[in-house]
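*Asks:* Please construct the entire structure, taking both the sequences and the accompanying hints into account.
These protein sequences, in sequence, are chains A and B. Going from the first sequence to the numbering used here is simple: count from 1 and add 48. Going from the second sequence to the numbering used here is simple: count from 1 and add 11.
Think of the hints as simulated: they come from the structure by calculation, not from any bench.
Residues from chain A shown here face chain B by an in silico Cβ test under 10 Å; the list is partial:
{"hint": "1", "residue": "Val68"}
{"hint": "2", "residue": "Trp70"}
{"hint": "3", "residue": "Leu76"}
{"hint": "4", "residue": "Pro79"}
{"hint": "5", "residue": "Tyr154"}
{"hint": "6", "residue": "Phe161"}
{"hint": "7", "residue": "His164"}
{"hint": "8", "residue": "Leu169"}
{"hint": "9", "residue": "Ala181"}
{"hint": "10", "residue": "Leu188"}
{"hint": "11", "residue": "Phe291"}
{"hint": "12", "residue": "Val299"}
Looking from chain A toward chain B, a few residues come up when the C-beta cut is under 8 Å (computed):
{"hint": "13", "residue": "Asp62"}
{"hint": "14", "residue": "Ala77"}
{"hint": "15", "residue": "Ala152"}
{"hint": "16", "residue": "Ser174"}
{"hint": "17", "residue": "Ile207"}
{"hint": "18", "residue": "Pro287"}
{"hint": "19", "residue": "Met311"}
From the three backbone atoms N, C-alpha and C, an ideal C-beta is built for every residue, glycine too.
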Amino acid sequence: MITRSVGPNRQRNDRIWNAVAWVVLLMLALPALWIIITAFRPNVEINTFPPVWIPQRLTLEAYANMFGLNPEVQQRVAVEAYLRNSLLASGVSTAIAVALGTLAGYAFARFRFRFHTPLFLGIMLSRAVPGVALSLPLFLLFNRFGLVNNVLGLALVYIAINIPFTAWLMDGFFRQIPKELTESAYIDGCGYWSAFWRIELPLSLPGLATAAIFAFLAAWNEFQIVSVLARNNAAKTFPPGLFAFTEQFTVDWRGMAAMSVIMMAPAVIFVILVQRNLVSGLTFGAVKG
Amino acid sequence: MAANSNSPGEKGAATRFLEVSRIEAGFFPFAMISPALILILLVVGFPLLYSLYVSFTPYELLKPNSLNFTTARALRNYQKLLNDEIFWRSLWNTIVFLAVTVNLSYALSMALSQLLARVTVGQSLLRTLLMVPMMFAPILVGMQFRWFFNANVGLVNNFLISIGLIQEQGQIAWLVDVPLGMISIMIASIWMNIPVLTIILLAGTLSLPSETFEAAEVDGASGWQKFRFITFPLLAPFSYIALTIMSLDIARAFDIVRIMTDGGPARRTEMLWTYITRLAIEDTKFGLGSAMSWITVSLSVLFTLYFFRQLVKARIVQ
Chain A
49 MITRSVGPNR QRNDRIWNAV AWVVLLMLAL PALWIIITAF RPNVEINTFP
99 PVWIPQRLTL EAYANMFGLN PEVQQRVAVE AYLRNSLLAS GVSTAIAVAL
149 GTLAGYAFAR FRFRFHTPLF LGIMLSRAVP GVALSLPLFL LFNRFGLVNN
199 VLGLALVYIA INIPFTAWLM DGFFRQIPKE LTESAYIDGC GYWSAFWRIE
249 LPLSLPGLAT AAIFAFLAAW NEFQIVSVLA RNNAAKTFPP GLFAFTEQFT
299 VDWRGMAAMS VIMMAPAVIF VILVQRNLVS GLTFGAVKG
Chain B
12 MAANSNSPGE KGAATRFLEV SRIEAGFFPF AMISPALILI LLVVGFPLLY
62 SLYVSFTPYE LLKPNSLNFT TARALRNYQK LLNDEIFWRS LWNTIVFLAV
112 TVNLSYALSM ALSQLLARVT VGQSLLRTLL MVPMMFAPIL VGMQFRWFFN
162 ANVGLVNNFL ISIGLIQEQG QIAWLVDVPL GMISIMIASI WMNIPVLTII
212 LLAGTLSLPS ETFEAAEVDG ASGWQKFRFI TFPLLAPFSY IALTIMSLDI
262 ARAFDIVRIM TDGGPARRTE MLWTYITRLA IEDTKFGLGS AMSWITVSLS
312 VLFTLYFFRQ LVKARIVQ
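*Replies:* Below is the structure:
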């Protein structure tokens, strides 16, 4: 006979579970927090042995060096160029990918038509193509059209990469809207387009926001394609820009950490904004088809 | 689970999922899909076909004349790869890497989600902590662990010295030794995968009906039995969503490998993705690199297709 935990026994168990959960999650988050702290520490504390575990002094030196406020630093990392290119490529591609992905997602969620499943599957599978594999032919083709080293060329690729996941998310969100709503719109004289545009799209704005953030982050963090298509600072974004801190035998860890913190900013905003929608968006369809 | 499918007039589970009573609208849905479709065909479809063509030619970037197709030499690149020891090693490394990372990420996330489902104090703060690794781009994850595992200034060795497990002279070359290099990369990759998987599995766990568990408790089921026979099977659709998302993103591991070891030293951690870059970009052998790309694309698509099919099946059973 297995004894069931009741009363004080159960309370003690709960306390143990809570403690274990906190320890595990702190261990999971610690590496990331270490990087953030490193960005604000003086270099002497980072590179000494034995290591200084607890920061003694915080400084903005790394950022002063990065943005050229320190006259002693001659060679700077082109952080302004990375920022501009990252914002441009991610922003443009997000706007267009979300627009096109939403249209497609709506069609998949609402309508019955021939090749429904093959088309959906085909679009999803285009996302499974590894960036490395795609980057080679894109480099050869873009070379002919002058799109190598071009931020807009990069944005074009990111649109195509982001459409599948957007369509998938939006398909899920649109399916949560009761079909009766659409049908009554038809009865009231709405066409297919105005039912979508005036009734269902406004209802799915939270989903749209989630999809937009996902698309933005995917483009913002993308490395494989940009590292082949951007040969210099005219089109390099943050991820390939990180390599500017590595030389053959030395790495400027603090500089890297400092730039990482800038790179994280959109993701931090994302975590604050969409904690709730994230879960419902990703798991829709698992509960009831 | 049959009790769960309470929709009246069940007319074949498969059609129920595929056609959730959608509306017939003639040409309109095609008009809505075509912009997305055209763009994908243009930017993904056509380049892939082009790379298939290139893979049948001996094309090298610095020899423009080499981009022509001859039937006799068409399969040369594929033959070369099949006889290339490094290709097989990179394929093997990739398979081992995927098998270990996918399984361990899933198992650890499952354990963590069960742990978090029981937490009563500070839930929302804990979930925010869980999302911290999600703020990191894959390339940042790689950079961070490259630093942590660095032999001379790395956190891991410093820590081991501090607590007296290793001597100052006996620093462990995490990113160099076999099999530590692969293990380091796997740890980085698992760290990156855990948050999303855990969030999905946790959401699933919290949505399960509590009556089932109460009934099991009355019958005297142990904690493990409850997990094994109730939670785990009921979570199947969530598991497959998690695995599908992971399989779509699995090539992100390239970023990690690229910055942590770049396939080295001496090709010990070479994987399909890094080998493609080395052949095509560094050695400018685009023909060979494209052949390799096509092998990789086929494998990735099959992998994703498998999980996607399981996902559809799991949805129908419920």
